[in-house]
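Protein chains in written order, with the numbering used here: chain A, 1 to 140; chain B, 141 to 423; chain C, 424 to 532.
Bear in mind the hints are in silico, worked out from the structure with no lab data behind them. This one's a predicted model, so the numbers in the text were calculated from it and none came from an experiment. Hints may be right or wrong, so weigh each one.
To be verified - Residues from chain C shown here face chain B by an in silico Cβ test under 7 Å; the list is partial:
{"no.": "1", "residue": "S451"}
{"no.": "2", "residue": "N496"}
{"no.": "3", "residue": "T526"}
{"no.": "4", "residue": "K527"}
{"no.": "5", "residue": "K528"}
Note that beta-carbon positions come from the ideal geometry of N, C-alpha and C, so glycine has one too.
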Amino acid sequence: MEMTRRKLLAFGSGTFALATLSSLPAFATLTDDAIAELTGGADMGEGAITLTAPEIAENGNTVPIAFDAPGAAEVTLFADGNPVPNVATFKFGPLSASRSASTRIRLATTQNVVAIAKMEDGSFQMAKANVKVTIGGCGG
Amino acid sequence: MKKTTLAIGSVAALVLMPGLAMSDPDEDSLTINGDISIVTETDAPAHTENLSTIYSGWRFRSDETQAFQMDDFDNPGMIGVENAMVNWDTIDGSAGKSCASCHEGPETMAGVRAVYPKWNDKKGKVTTLAMEINDCRTTHMGAEKWKYTGGDMTDMVALISSVSRGMPVNVAIDGPAKETWEKGKELYYTRTGQLELSCANCHEDSYGLMIRADHLSQGQINGFPTYRLKNTKLNSVHARFKGCVRDTRAQTYKPGSPEFIALELYVASRGNGLSVEGPSVRN
Amino acid sequence: MASGVKPRVKVPKKAAAGETITIKTLISHKMESGQRKDDDGNVIPRSIINRFTADFNGQNVIDVTLEPAISTNPYFQFEAVVPESGEFKFTWYDDDGSVYDTTKKITVS
Chain A
1 MEMTRRKLLA FGSGTFALAT LSSLPAFATL TDDAIAELTG GADMGEGAIT
51 LTAPEIAENG NTVPIAFDAP GAAEVTLFAD GNPVPNVATF KFGPLSASRS
101 ASTRIRLATT QNVVAIAKME DGSFQMAKAN VKVTIGGCGG
Chain B
141 MKKTTLAIGS VAALVLMPGL AMSDPDEDSL TINGDISIVT ETDAPAHTEN
191 LSTIYSGWRF RSDETQAFQM DDFDNPGMIG VENAMVNWDT IDGSAGKSCA
241 SCHEGPETMA GVRAVYPKWN DKKGKVTTLA MEINDCRTTH MGAEKWKYTG
291 GDMTDMVALI SSVSRGMPVN VAIDGPAKET WEKGKELYYT RTGQLELSCA
341 NCHEDSYGLM IRADHLSQGQ INGFPTYRLK NTKLNSVHAR FKGCVRDTRA
391 QTYKPGSPEF IALELYVASR GNGLSVEGPS VRN
Chain C
424 MASGVKPRVK VPKKAAAGET ITIKTLISHK MESGQRKDDD GNVIPRSIIN
474 RFTADFNGQN VIDVTLEPAI STNPYFQFEA VVPESGEFKF TWYDDDGSVY
524 DTTKKITVS
């Protein structure tokens, strides 16, 4: 087959389309792996903990988030669209009044923030929040 | 907070349709630390003929960004203020003095930020706060000048601004300052750059609209220096002007240049009546 | 030792025994993520605060492991219960080995 420029372009873009389809969101499997490592593959319940994050983050550099996980011994936060999914792990000591905390995080793109709580009884609970990360202004 | 998103095909379209529906800034009100009441909306001053109401940039930000500014602990810009408080008491220069040696505490600066830029009789020109700070340093302290938009200078302007929070901006535009003010006004309305944009095209004709995902403000500077989430640091007025001009793809002026001094005086006057808010938190 | 790193904390001065109090902490730190490149295209190495602890009279309140996704000037807000008068100790650990700490006293009636 004669490789004309047109054929090469069509061939190339076809491969690209295939590659894109199979890789969204880019880091979701990294996050799944990190979560599996944390839970040992155990099932995760939902509904017992809450995660608060803005629907639209004005700037991905500094996104305020908060969680409340009554009965949790430890809470780990992940960002499934970040190059490194782990965000932070909060271990609660004997003098913590509530199993809650707020912080500010970096989000590279629109993605889910995931909170996994390891409860005092050894079970796991999950909460997810989708945050749209925007680019604004004329300079970005 | 309601936001109206308009799909705008090109910048030219923006300019050719001045009657586009404005998305109003939100209705929230700002009180800092529960006791500093900030005016974020008021009647436009007479010399700002094309606006009827002026709004602080705070009103155009998301609820989360607004919350950052309501408490001095939550406001990352206050880190700069604390750094400046250390500098205030630090002896620097051949005269063996610190700011405190002459000025006592920073609270003695209350009211200063509200009236700058201002005509300086001795110098025979309009000066900005940064110029006065450097003048103090070189003339009275025998210390080195600070870089005009550098960290030390911006932190110090933030400190001086913080003690005027809640006071109305009130820069003089008449008398000896008039010529500089007129020059600033001309710059404000002149289109420049590859994108042929003037300050007014965005901040007067199009405030309230979305520019990509940013809620366009009126470009008021009552909140400067401002901690921008975008670069996680305090930004000075001239640094912002430089960025804006660069964004129109024009050759930008230098911080401290006569053009930016004039522009700062004019832009400050468009906010006469709003409260001094800096250090504020913006996108 | 990273330059300009300063901790700030907000703790109420007084509380009732067993009361829940809100604590806010911040440390000015760039939190270089290790994702950025310099002008020559070389990766700027990671350099962050990687751990934060809050203790009261020797007992732990919270122990946080930080990753590069925590924003510049790491901020944490959390709640503690104070059984008696004493002192909070807040400690931040830097990748470069530095340790920053600050203390705050509280009177319990």
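Against the structure, the hints come out as follows:
1. S451: At 5 Å from the nearest chain B Cβ, C:S451 passes the 7 Å test, so the hint holds.
2. N496: 5 Å, holds
3. T526: 17 Å, violated
4. K527: 13 Å, violated
5. K528: The hint is violated - C:K528 has no Cβ within 7 Å of chain B, the shortest such distance being about 18 Å.
Violated hints, in rising order: 3, 4 and 5; the structure is consistent with all others.
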